[in-house]
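> Here is how the chains run, residue by residue.
Protein chains: 2
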Amino acid sequence: MSESNKPSLEVCLSPALLHLYDVKNSIVVIIDVLRATSTICTALYNGAARVIPVASVEECVNIGKAIGGITAGERDGRIAEGLVHGNSPFEYPREFIENQTLVLTTTNGTKMLHMAKDAIQIVTGSFPNISAVCDYLISQGQNVILGCAAWKDRVNLEDTLFAGAVVSRISANFDINCDSAIAAEALYNTAKGDIYSFMKQASHYKRLANFGLEKDIEYCLTPDGANVLPLFKNGELIAG
Amino acid sequence: MSESNKPSLEVCLSPALLHLYDVKNSIVVIIDVLRATSTICTALYNGAARVIPVASVEECVNIGKAIGGITAGERDGRIAEGLVHGNSPFEYPREFIENQTLVLTTTNGTKMLHMAKDAIQIVTGSFPNISAVCDYLISQGQNVILGCAAWKDRVNLEDTLFAGAVVSRISANFDINCDSAIAAEALYNTAKGDIYSFMKQASHYKRLANFGLEKDIEYCLTPDGANVLPLFKNGELIAG
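As given, the protein sequences belong to chains A and B, one line each in that order. Numbers 1 to 240, taken from the UniProt record's numbering, label the letters of the first sequence in order. Numbers 1 to 240, taken from the UniProt record's numbering, label the letters of the second sequence in order.
Just chain A, with the same shape it has in the complex:
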């Protein structure tokens, strides 16, 4: 902690920069707005027993088989071969996911999660659960790293915007000595009047819009549609 006696709040814009941060002494929020962390909180909000994040399609298939879970994941915007569901939050309504285990493979989000495994606590964040994340971070009084999953290590707008939104909400409770946090908050302040329009410039928007997923994107950019806190414990995400 700094001289101000407040815990620190930092933003890491890419997994390729996470080694520069003191993960071990921080709570890490994994951010993969389009769409992994939006889908995770949605499934838990709708009553999923747990979400198991895995790195590979093979692991997803094997774990799904072993525990009778719902296997999900996409590669290049389509359901991966061998899996049954995709990455869209709309695939996980209560009547489908309640009391089920979702085994989810995502490239960027899962990578970040495994890299942050020594953190005090890992949680996942995105606009649909922003209030739950902010309330939790304030309540804990620990150092925080907002970890953007990015896109193949390239900084992206949507994760940076979410990090900025969190900074703007909770900065009074933290000591901010991190230029990425200042930049993310400024970006969010520029975009917040109409985040959806702002995101139309983003490289990922173009990728997803090509698959007709505008509805997903709008949901993933809207606050508090699935306001639950996913906590990572023993390899699983459960509702906190």
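I should point out that these hints are in silico values taken from the structure, not numbers from a laboratory. We put the CB at the ideal spot given by N, CA and C, even for glycine. Take the hints with a grain of salt, since some may be wrong.
To give a feel for the contact side, a few chain A residues facing chain B, derived at Cβ under 8 Å [said to hold, decoys possible]:
1) Thr190
2) Ala202
3) Ser203
Dock chain B against chain A, hints included.
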């Protein structure tokens, strides 16, 4: 080049991300606003024959001795032991630097420069030579990477702001499919009304202001005070 037939314009926010970019097919602009690239253009603008950027103090001493150059560089905000001058642009007025060789060691800027050695061309940029940089990039019609030197690989405000200023000036001539470029431009647009005040939040501002260098910072954030283009050729920066 993309379908638009315009060359691409990308921003790399940290040397730790440069491997994600196609350096070989691009012009790379090395950006180290506080203060290496501001000092480099200032020395060349004031008539220095060349600037030789080196990584270590030892190399700086040895090359300086061998060629009779002026050795300069700081470590932790003070002139490094064995060197004669510091990093401030105000140390290099015409009456001192004209026709001289400046051998300059900086940690962040030099690192980025060596990493980009396979680029089509390396130039250095900062606010004091922003117009020269922009005119050059437009004239070349090549892909461009704006490479922020950052601070020990951590993203910083001042280099990101300069990248954003360049994007805002030349975007019409390029195809932009890079979220870092969009974010940098948005950041610049937020700050441009009063960049100096905005920068007071920055971590590096606090480091330098502690050494009483507000005057340096103000100069380094002001456009076109030393409007020359430093071109990297055969290990040296010369006025283009």
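> Does the CB of Thr190 of chain A sit less than 8 Å away from some CB of chain B?
5 Å, holds
> Minimum Cβ distance from Ser203 of chain A to chain B below 8 Å?
5 Å, holds
> Should the interface hint for Ala202 of chain A be scored as holding, given a Cβ-Cβ cut-off of 8 Å against chain B?
6 Å, holds
The structure agrees with every numbered hint stated previously.
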